[in-house]
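S.K.: Residue numbers (our numbering), protein chains in the order written: chain A, 1 to 457; chain B, 1 to 320; chain C, 1 to 309.
Source of the hints: derived by calculation from the structure; they are not laboratory data.
Predicted model, so just to flag it, every value in this text is computed and none were measured.
Treat the hints with care, since some could be wrong.
Quick look at which bits of chain B chain A covers, simulated, 3 or more residues with Cβ under 8 Å [as the list claims (entries may be wrong)]:
#, region
1, 235-244
2, 268-278
3, 286-292
4, 303-310
All C-beta atoms, glycine included, are put in the ideal place defined by N, C-alpha and C.
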Amino acid sequence: MRSRKTRRGMAVAAALVSAGLVLAGCGGSDDGGSGEASGKSPGEGKAECEQLTQFGDLTGKDVTVYTSIVAPEDKPHIDSWKVFEDCTGADVKYEGSKEFETQLQVRVQSGNPPDIAYVPQPGLLQTLVGTGKVVEAPDTVSANVDKWFGEDWRSYGSVDGKLYAAPLGANVKSFVWYSPKMFSENGWEIPTTWDDMLALSDTIAATGIKPWCAGIESGEATGWPATDWLEDVLLRSVGPDVYDQWVAHEIPFNDPAVVESLDNVGAILKNDKYVNGGIGDVSSIATTAFQDGGLPILDGKCALHRQASFYAANWPEGTDVSENGDVFAFYLPAMGDEFGNPVLGGGEFVAAFSDAIEVQAFQTYLSSDQWANEKAKATPNGGWVSANKGLDIANLASPVDKLSGEILQDPDAVFRFDGSDMMPGEVGAGSFWKEMTNWITGESTQDALDKIESSWP
Amino acid sequence: MSTGEKFIQMVIAIAVFFAVVAVILLLTQRLRSRRGELVQSAAFVLPALALIGVGLLYPAVTTIYQSFLDRSGDAAVGFDNYKTIFTDSDQLIVLRNTAAWVILVPILSTVIGLVYAVLVDRSRFEKVAKALIFLPMAISLVGASIIWRFVYDYHDKSQTQIGIANAVIKGLGFDTYKFILNDPWNTIFLIIVMIWVQAGFAMVILSASIKAIPDDIVEAARLDGVGGFRMFRYITVPSIRPSLIVVLTTISITTLKAFDIVRTMTGGNFDTSVLAYQFYREYFVSANQGLATAIATLIFVLVMPIVIYNVRQMRKLEAR
Amino acid sequence: MSTAIPEQKGVEAVVAQEPVTATAKRALSSPWASLAAIIIAVLWTIPTFGLLVTSFRPESAITTSGWWTALWNGGWTLDNYDQVLNGSDTNLGTYFVNSMVITIPSVLIPISIAVMAAYAFAWMKFPGRDFLFVAIFALQIVPIQVTMIPLLKLYVNQGFAGSDAPGGGFYTIWLSHSIFALPLAIYLLHNFMSQIPGELIESARVDGAAHVQIFTRIMLPLMAPAIAAFGIFQFLWVWNDLLVALVFGGGSLEISPLTVRLAELSGTRGNDWFLLSAGAFVSLVIPLIVFLSLQRYFVRGLLAGSVKG
């Protein structure tokens, strides 16, 4: 009796197991893309598919994309791939996560990488290439990068002279946010030189308003807005060549020129007369979220806030962000004529972990002028710009994006990439952030820079 | 996959699991010989051992091994990583903070949870009252970090306050306080967040334990004229002593591992870092596997006293 | 809340039956004790209440005035909840379903395995018992972060992970949650288990009951409060988990739990963080229901009765 019951139990269990496996198998799989094009492309004969027909028929093929961009900013990206999907028949699967930087490393190291990742820092790209899992960019991508991007942008996506990742989006960091209304009411002028800016700060301070507001709190990345400040000022005072040497650690991190630059930053950020408008004293900068750092401008409690173009998204809904509106941005002025108009900025890059034909096709599409314009059109609310020279500024939606786009395409502008993004992780995402935070809360300039120098691997 | 398919998957998985468990129990239940006892024990213990061996023991051993390798795990470096931990100037502060966390969080969470569990036990509002203390545990970490960012928000006294702590201080006429910034008290304010979360855990476990105290014991004590605080001190606490040790132990271990609060609230700045956060930081931000795993190994070592204490308690219990 | 009313009556009925057991409470029910309870409850609730109020306020009001001024300052809005519920391409219901499908097996499976193991460690005799128990207990300290890469590697090698994983990736999530829950579950349940009077087991053994019968007929009913208590927490941890789902879920949105959606609410650069206040309450509903409904298992006298009998 007992044994019969047991056997029946086991039979039921066996049936359930096999049912589970059958269902489990329904996940569907397709793998093993070859590097060879085959079949007739679904986009054959269509004008917009010109660059993509060479990859043949990719119907049924998947490209997985992993990025740090989450909803709602992911939608313009997904929309911008429609042309690619229509032309090739391939399907692009998107995943965005705010834990992108740690998760990407976990996935790569455990052998489960996505096909494509949008890498936001050249430093991280170097680390990834170091794992040996990143695939070199195919010739079609390389040709596109040569055609549509400057030599400097190509170098940010390259490791040891080999192009791995084509540039994608970009942002401009050398901006000062202000309130056009407030300026016109008080008769203040947008400063065009560094000294004008300091003079304006004094004028504003005399009215009883603290002119500058800032916030560098950003969870584990606390301190990064202050690193941008230092880079911007260094770029303006010593020029792009010395800046490049500093980023590459050919001159020490605590070089006297850097000390002087940081003191110049301190003349604003650590000046009790200038900061921290609407929030508190100097040290309150360290605990104010960077997202909230500029908001006192809206209440008239602060007049100036240096932050990148993407800060446009931080103004509360309903704020008029335009030249004559509630808030807008002006270019952080140069410190002299010697080095032209230096621009600090950042951007992300397209790294591939597979050389399948559909992945190559997608990389090619993303590095084209066609995609840049599609993306601009798919971003009706603004908040995106690229250094792609084929991007038509008219397609950009918001005034700040247009301004950024013009700066990025300006042949006279001297563009430099955010140095902390290119330094080794221990510095660029470690001691640099940490010591700038300590510097705000009271550490001396020399001590802060000495400590960062000693942490360089 | 549709919703229906997902649930079918789930039901099948659960059914298969319980079917296997049932089969094991049925197969082994008749065995009464000495060997049979062994087989029975194996049937009860092996599933857990297998999972833990693969999922925890193997990674733990790898971790200890890696702690003697360099940052990318290629070359052996002996005890260099450990030397780094103990020679870094900031590290003493990290150890100080870790000590503060691991002493204050378990004790205060447990005391508050215990007192509260006793106070609301069998009261008219017990369910709601317990739910209130339980809520912080149920709020996801993102929610908790937002909440406390609000509580500790700092604005100069002359400005409008949006943080309740400083609003109260300002209302009392004092100068507003930088909770997150002022070392060393900022560590205490981060610890409060952890206590806020963990007290609910202590309360639920201890409450279940209080309810398991046999009525006759309480009744006998009452007939002997024991009441008030003495009842709590001489009947309640001794009766739930094993559970108290469990709660203290569990919260200590959780606290040693916890890095999220430090990560979201200060990013380890302002001298608030703890070992677990240093580990996370080295592992994922600096990609220094050698140093990170050495810190993790140090955390393993720090748990040893807790393990030993528990073993001795268990021995006592068995000897009884 | 309406479901709680009949149960409330049930508790009162129990109170009426056993007035003696009110002693412990009466012992501490001086005015000071009540005051202490109220103070703790208020202190614990204020932050949460502040978040609740915040979740109904417009963004501009949140950043310029305290939530306690909400009655006369800045007005009220349901926009935050609207954004949380409808602001994504994927229906929020899908995430709820995923969270349920992930959580239920991830609670039932480890608890079942742990109850069996805890019973064996407490009441069965086999070589190496104490050593194994201490080892399992000590392994609680292993942070999930160090297990991620080795375990994921294993899954990938076995073909369990990735976008074409069997079951869409649910199996690896269930398995991982079960593994991570086991040490604490075994430790906690073993503790409760070993508090059960030995005479009970002995007398059953003398009566000829086998371990399996003692386990299923005596132990499981007695352990109900402990299982319920641990069940609540395991449910919470899994429900609120982001890391395991991200790492072991194979990266497919199709099986992502609610926490994945919550984490992205604040936007790429964290500028919409105020939406998290609404998101936190949306995700709170289910754990709270579970807590309130499992409370009925915390009933006094289960143990006492069985010893007497």
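S.K.: None of the hints should be skipped; say for each whether it holds.
M.R.: Evaluated hints:
1. Three residues within the 8 Å Cβ limit are the bar, and the region 235-244 of chain B against chain A gives 0, so the coverage statement is violated.
2. Residue count for the region 268-278 of chain B with a Cβ under 8 Å from a Cβ of chain A: 3. That meets the three needed, and the coverage hint holds.
3. With 3 residues having a Cβ less than 8 Å from any Cβ of chain A, the region 286-292 of chain B passes the three-residue criterion, so the hint holds.
4. With 0 residues having a Cβ less than 8 Å from any Cβ of chain A, the region 303-310 of chain B misses the three-residue criterion, and the hint is violated.
Hint check: violations occur at hints 1, 4; the rest are consistent with the structure.
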